[in-house]
Amino acid sequence: MRSLLMRRFSHEVLAPITSWGAALALLALLVFHAIQGGALKLERPSTVLTNKYWVQRGAVRHLLFLQDVEERVPRGAAIILVFSPATKPMDLKINVLQALSQFPDHSVIPAYDRLINPRTHPAGAYAAYFGGELHAPTYELIWRSGAGTLYRAKR
Amino acid sequence: MTGTLFLFALLVVPVLGSAAAYLLPLPGLDPMGRIPVLVAIGCISLTAVMVLETWMGIPWTPLGILLPFLLPVVGGFAWQPRQSPALRLARPRGILPAAVLALLGILLVAYVAGSARATSADLILFWGSKAENFALYAGIDVTFLRFPSMHLAHPDYPPLLTLLLAWGSLIAGRLAWGVALLLLPLFLLLAGMAFWAFARRAVPAKRAAESTAVLVALLGYTLSVSLCAGNGEPPLLFFEVLVFSILTFGDGSRRLLFLASVALAGAVLVKVEGAAFAGFVILAYGGLAFLRRRSLTPLAMLASVSVPSLGLWILFVRLHDLQDVYGAHPMGSFTFKFLRSILAGIPKSADYGAAYAPWIVVALLLLVGARRRDWMPPALVGVGYLGFIVFCYMHGGDYDPTTWIKWSADRLLLTPLVCFFFAATAPSRPLQTPSFETPRREW
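Protein chains in written order, with the numbering used here: chain A, 11 to 165; chain B, 192 to 634.
Hints listed in this document are in silico derivations from the structure and should not be mistaken for laboratory results.
Treat the hints with caution; some may be incorrect.
To be verified - The calculated BS3-like cross-link candidates involving lysine-lysine, where the alpha carbons are at most 25 Å apart (straight line), are:
1. B:Lys-597 / A:Lys-62
2. B:Lys-528 / B:Lys-597
3. A:Lys-103 / A:Lys-62
4. B:Lys-597 / B:Lys-539
5. B:Lys-528 / B:Lys-539
6. B:Lys-528 / A:Lys-62
7. B:Lys-597 / A:Lys-98
8. A:Lys-103 / B:Lys-528
9. A:Lys-51 / A:Lys-62
Given only the sequences and the hints, what does the whole structure look like? Please build it.
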């Protein structure tokens with residue numbers, strides 16, 4: 011009898027209290043997580059990675075640069091992604107993957123700045139250099155921002 | 192405009208599912224249960240059509256993808272399995288507060304995901320870039336997948352989410368990145384609907400509604416804090432929740448076991464881990480049924496759609512020379528060298544930035560609930576999956592997996608969390624099936 015009462019108490023009183031407490035606590039944690047991600051505003055973030063978490067923060071500047079480049083390069087053109095020789099292989103691969111996501115209408119060609127060879131690149135190619143400047147006589151500067159530079163192959 | 196069209200393309204998926212469902216022996220479902228089931232069938236059949244058209248060299252077009260869905264509708268006139276009538280359940284009472292809480296949770300998650308507070312970097316690095324390029328190429332671009340940098344993006348990764356995004360891109364002209372993030376709240380909503388629809392068959396409606404609110408809060412928080420928006424986890428967990436809802440709260444009939452196999456196929460086609468999940472589910476439920484009743488039917492039924500789906504995808508990647516994760520050891524050879532750091536690193540990732548609150552919640556639910564009928568199989572799947580996680584991290588060769596664990600363990604642990612949640616919410620008494628017919632219980 012006692013065990014039956016205990017079971018009923020657990021089932022009808024404790025279980026609903028636990029469920030409500032759990033759901034409310036988890037939603038409160040979710041609100042806390044939202045606040046941690048930046049000021050609560052009803053506006054579209056500049057990129058899908060724009061928040062305050064360190065894992066994404068590093069990529070936002072690169073993504074914004076790529077978006078700026080994409081607006082300036084005609085569809086179908088080849089974009090050479092220029093990297094300094096000091097770039098780590100893993101960072102290079104990640105940057106190329108990010109570029110592939112932003113330039114679906116273009117051909118993406120990764121290259122180190124010292125190894126730029128216009129003869130092997132398609133005619134009318136563009137060169138985007140994130141965080142650097144290209145010193146190649148065959149390319150002319152067409153746009154510059156705090157994040158990087160964009161060049162076009164001379165005709 | 193891109194976003195609206197992309198969203199429209201996603202909303203078409205359950206319609207495609209209802210066309211494909213014409214030829215399937217579906218169980219009787221109420222509208223709340225029917226929508227997630229049709230979305231699941233729609234996602235899987237859309238994936239199948241897009242993969243097969245690539246295989247046959249047919250370039251994707253919206254019409255070319257939609258046309259095959261007319262076949263089951265036309266075929267349905269000639270041959271249609273006996274369809275179960277829609278399930279009519281008593282009007283639920285006392286569920287409003289819990290329903291409001293669950294809805295609030297979904298809206299909150301929609302805000303968190305939409306404002307980029309839960310974005311997975313993998314959306315940019317591979318799901319999105321593959322989807323956009325496939326849509327432009329009008330097929331699965333094998334040359335693109337062989338690009339050297341694509342090694343990081345696993346060329347042979349299961350295609351369901353990529354193809355869902357590619358379908359949206361094909362309709363909208365571009366990938367709507369912001370809408371891709373909203374797949375997190377959408378799949379969370381579907382998971383909540385699936386849980387509620389099946390749970391209310393087996394437990395009192397008020398109890399089912401409260402458990403739905405906990406599930407939404409649990410998954411909403413953990414998916415957000417482990418930055419899963421745009422990643423494969425939201426659809427994976429949706430399929431997992433659908434599988435367990437069917438098996439835990441369903442009547443154990445053949446039709447429901449078949450439906451569970453369809454949902455397992457979804458899990459298998461979303462993420463590599465889905466195959467491990469499906470394997471453990473088939474073994475746990477099929478194995479227990481064999482021990483209890485000497486019947487192999489549940490095992491065969493659960494494998495009926497999921498195993499051929501995985502087999503076909505592996506055949507596709509083999510024939511196109513794309514093998515990576517299915518080709519054995521992508522990171523390195525098997526070793527016990529880092530076992531200690533693996534066993535120390537995984538629990539660190541399990542705290543979800545809240546002193547293990549999600550696990551504490553599940554443990555409390557397990558402790559206070561009544562005696563449960565079917566708690567063992569989901570618990571077995573959870574334990575097996577924990578072993579699988581450790582086994583995966585032991586494939587690093589000479590590479591210390593600490594960073595790898597930090598990057599992925601919190602997401603991998605979501606599956607055992609779901610398993611133990613179902614062990615905690617399993618019904619406490621034998622089913623009084625409200626169905627139109629008394630099914631033969633296979634499981």
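A quick look at each hint next to the structure:
With a C-alpha separation of about 18 Å, the suggested pairing of Lys-597 of chain B with Lys-62 of chain A holds against the 25 Å cut-off. Taking the CA atoms of Lys-528 of chain B and Lys-597 of chain B, the gap is about 18 Å. The hint holds against a cut of 25 Å. Of the supplied pair hints, the one linking Lys-103 of chain A and Lys-62 of chain A holds, its CA atoms being roughly 24 Å apart against a limit of 25 Å. Restraint check: the Cα-Cα separation between Lys-597 of chain B and Lys-539 of chain B comes to about 8 Å, which is no more than 25 Å; the hinted pair holds.
Only pairs whose Cα atoms come within 25 Å are accepted, and Lys-528 of chain B paired with Lys-539 of chain B is accepted, the gap being roughly 19 Å. With a C-alpha separation of about 36 Å, the suggested pair Lys-528 of chain B and Lys-62 of chain A falls outside the 25 Å cut-off, and the hint is violated. A C-alpha spacing of about 20 Å is found between Lys-597 of chain B and Lys-98 of chain A, which places the hinted pair at or below 25 Å, so the restraint holds. Restraint check: the Cα-Cα separation between Lys-103 of chain A and Lys-528 of chain B comes to about 28 Å, which exceeds 25 Å; the hinted pair is violated.
Under the criterion of a C-alpha separation no larger than 25 Å, the hint pairing Lys-51 of chain A with Lys-62 of chain A is consistent with the structure, at around 14 Å.
Comparing the model with each earlier hint shows violations of hints 6, 8; every other hint is respected.
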